[in-house]
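All chains should be modelled from the sequences, with the hints used to inform the complete structure.
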Amino acid sequence: MNNKIVFGQYYHADSWIHRLDPRVKIILIFLLMTAIFLIDDFLILGVAIFLGFVVIASSKVPIKRFLRSLRQIFVLLLFTFFFQIVFNRSGEMVLDLTMNINVFNLSILAFMLVIYGSLYKHIRKKGRWFLAILAVFVFYQIYTLNVDPVYTYRFMVYEKGLSTAGFVVLRILILILISSLLTLSTKPTDLNNGLEAVLSPLEKIGLKTSILAMMIAIALRFIPTLLNEAFKILKAQASRGVDFREGKLKDKIVQIVSLLIPMFIISFKRAEDLSDAMEARGYIPGEKRTKINEMRMKWTDVISLVVVIGLMVGLVYMRVSQ
Amino acid sequence: MGIHLQRVSFSYDEKKSKTFRQTLDDIELSVEGKNEFIAVLGHTGSGKSTLIQHMNALLVPQSGLVSVFGKTIYPKNNEGLKEVRQNVGIVFQFPEYQLFEETVLKDIMFGPRNFGLDANQAKERAEAAAKSVGISEELLGRSPFTLSGGQMRRVAIAGVLASQPKILILDEPTVGLDPKGKRELMNLLTDLQKKTEISILIVTHDMNVVSRYIKRAVVLSEGKIVYDGPTKELFQKLELLRQYHLDLPEISKIAIDLSERFGFDLPYVPILKEELVSILEGEIGGKP
Amino acid sequence: MVEMKGVFFSYTQNHPVIENLNLVIPRGQFVTILGHNGSGKSTIAKLLIGLLKAKKGTITIDGIELTEETVDAVRKKVGIVFQNPDNQFVGVTVKDDIAFGLENRCVSRPEMIRLIEEHAVLVGMEKFLDKDPESLSGGEKQRVAIAGVLAINPDIILFDESTSMLDPKGTKEVNRVVSDLKERLNKTIIMITHNLEEAKHSDRVIVLNKGKIVADGTPHEVFSQKDLLIESQLDILESMKVIEEVKKSPSLKHRKELVRALWEFTFNE
Chain A
1 MNNKIVFGQY YHADSWIHRL DPRVKIILIF LLMTAIFLID DFLILGVAIF
51 LGFVVIASSK VPIKRFLRSL RQIFVLLLFT FFFQIVFNRS GEMVLDLTMN
101 INVFNLSILA FMLVIYGSLY KHIRKKGRWF LAILAVFVFY QIYTLNVDPV
151 YTYRFMVYEK GLSTAGFVVL RILILILISS LLTLSTKPTD LNNGLEAVLS
201 PLEKIGLKTS ILAMMIAIAL RFIPTLLNEA FKILKAQASR GVDFREGKLK
251 DKIVQIVSLL IPMFIISFKR AEDLSDAMEA RGYIPGEKRT KINEMRMKWT
301 DVISLVVVIG LMVGLVYMRV SQ
Chain B
1 MGIHLQRVSF SYDEKKSKTF RQTLDDIELS VEGKNEFIAV LGHTGSGKST
51 LIQHMNALLV PQSGLVSVFG KTIYPKNNEG LKEVRQNVGI VFQFPEYQLF
101 EETVLKDIMF GPRNFGLDAN QAKERAEAAA KSVGISEELL GRSPFTLSGG
151 QMRRVAIAGV LASQPKILIL DEPTVGLDPK GKRELMNLLT DLQKKTEISI
201 LIVTHDMNVV SRYIKRAVVL SEGKIVYDGP TKELFQKLEL LRQYHLDLPE
251 ISKIAIDLSE RFGFDLPYVP ILKEELVSIL EGEIGGKP
Chain C
1 MVEMKGVFFS YTQNHPVIEN LNLVIPRGQF VTILGHNGSG KSTIAKLLIG
51 LLKAKKGTIT IDGIELTEET VDAVRKKVGI VFQNPDNQFV GVTVKDDIAF
101 GLENRCVSRP EMIRLIEEHA VLVGMEKFLD KDPESLSGGE KQRVAIAGVL
151 AINPDIILFD ESTSMLDPKG TKEVNRVVSD LKERLNKTII MITHNLEEAK
201 HSDRVIVLNK GKIVADGTPH EVFSQKDLLI ESQLDILESM KVIEEVKKSP
251 SLKHRKELVR ALWEFTFNE
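Chains as they are written, first to last, in the working numbering: chain A, 1 to 322; chain B, 1 to 288; chain C, 1 to 269.
No lab work stands behind these hints: they were computed from the structure. Be a bit skeptical, because a hint or two may be false.
Stated by the list, open to error - In the DMTMM-like style, the derived pairs of lysine to aspartate or glutamate whose C-alpha atoms are separated by at most 25 angstroms in a straight line are:
#1 B:K273 to C:E264
#2 B:K34 to B:D13
#3 C:K127 to A:D14
#4 C:K131 to A:E294
Set out below in structure tokens:
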């Protein structure tokens, strides 16, 4: 079959970030994430965001890829923002709104929800925009109509609430962008090798990092194979009348089982064969072995480390001296 | 009535892709719903798998039409494809991997149940199908995973036969079987056709199987059909076989070798042992 | 030199797979073990590489008796290529997979690079070093497996039904590499299969039926034993069937020459 399955988020490009040693990248990400939490000044946060965008631009990875990961946590960000704004009541009051829910806007609300519900299938993606328009409409109502209110709510926003909300949201945003930068610029196998090297000191306390890394490496090797096999099983079961689109819950369970059990069986057989092959080729879990893939530190790695560590030290100093 | 592919084209690649390959290119093919025995031949990558998946609507053509027992499938078609699969059953490579139920009987019943039969009807069909592939009654209550590889393969075939398709398609059914297993499977299929008049289409590379059991051959190359006719005649076209990297049956190779060694011309290319011997008697020895 | 003495093996209590097997394979011999599915041939392969332990009897490889203590040392002398091309491909790329055995043996990196290049060329996969397994055909994957095994430089190589899951093209590729090995390197090759075609070029053919050796001789000797082959659930070569017909035919002249020509055809391809 000609399905070229590219999994994971890795986007191939030739940038200095792509070329960094994976071990260094992992350490840098860790340091940067810690650094973000040391910032409590909006100005510095702003500078950090600016630098972040500069780095992202230099990675030669299209912005669309970064936005994809943001989209997934959009709801979380929204929720966090409003949570802070509504419940954090410290500092000066910044905004004072009286919201009147009356018969008129209540019925408009109900009407729009009904339309949304019935059109859901057609406007799935654009549904969010619809909700946004709805919210604006409702808010607008609150000011313009002079009808007897059924219920009044005083919506107050405070200074601290606004600033904390801003901080939290921006921090989460930066964290996501930094981790995306890592996964977009590093091949999964390099990431695995880097992680193995970084965690190797833990061997001393009994954590078998080399075995863990081997397990991950094998998993990475077989994900495309397993996906292809899953497609084949889907086709075989479809030829026996399985149609994932129809059927009650009971039927759906059997449909999924008809895919899962063969996948399990294939995987168990594979595990058996593969462990035989690995053993026959002299693999002994935990024993020392050399590596064909080398990770070498270059000047860019050293400079990046020095810069980031320097930033960290600076931030810590600032926090401490406050 | 049967399967008709009219000017079917299909590709897995995007039109603008640099490595664009037309997997199926303007295919015209008809398969009757009775008594056909067809071998689909062609080197790996010629489009055989893609072709058969168009026959039970697992894939729909990007241009052209596929008509299966009266139902027309055209590009972007998404509806009503399930009934097609009741009439045209496909057994994929290593079909034993599709088994998943608790018992052999339940697994064979899976197909008929999906096509809407109730438990009793499905059970009857399953028992009949099991019998037709030589799975004895005592195996029906066992877990399919306790069976031998060969038995599992037969259970999987029964699982497709239980829905009583009019056309049975098998993708490389003899791969991984030892010589006895191969013989048994091919005999099973031949018997099946004799009893039920089912049409059988096999994708295979095994020329000895083709020459011994199969009447009609369709050869694919680079997405196009380059031959569609009697198997016997295909093996006469040595140039064509060479051009499309197709092997000859063993007997034919022996015949050609002997003709060169002993310096006689072959009146035709034999594909069966008996044919070869009678040619030898004619050319080398005197006839009685 | 491989020696199996009085070997007995069963997976479950009641069904012995191999009973009292005695077999000696001298150094440098190319042996094919023919047998139906379930005859015990793959069990022999796994016993020789120490993946299974004989219930009774001894296995000696190059003078070392195979035990739990010696199994690691023995595995440096014996390499095996299994049946399923995917299930023995460990690396994420061809290069990584060939390297796997070398890494396990702590070969230095410069040495590894050299050996990988050398053996990739040997099997014709040198242009594929950075390819991932999903983009390879079965025959290509098996050739990578062979390169990986050869890189360790074992004295004995086992092929356990290495072509039974391949299409004819892949089978041809693999068999070509195997006969290349026979010519160029002085390895002991043990080929396990149910396909008589693959036994043609070996020095010696052993037929296994239900765990017992029922024939042991040159390919010529074994191929002519029609009844034995059928009883062992194996096929007879088409050329052998024709030889039979030729011998039976009363009207055919030059029968001796025909039979000889057919034998030559059998071993020439």
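Hints, one by one, checked against the model:
Distance hint between K273 of chain B and E264 of chain C is fulfilled; the C-alpha atoms sit about 18 angstroms from each other, no more than 25 angstroms. A C-alpha spacing of about 35 angstroms is found between K34 of chain B and D13 of chain B, which places the hinted pair above 25 angstroms, so the restraint is violated. In summary, the hint linking K127 of chain C to D14 of chain A is supported, as the alpha carbons are separated by about 23 angstroms, within the 25 angstroms threshold. Among the hinted pairs, K131 of chain C with E294 of chain A is consistent with the structure: their alpha-carbon atoms are about 18 angstroms apart, no more than 25 angstroms.
Figure legend: structure checked against the earlier numbered hints; the only hint not met is number 2.
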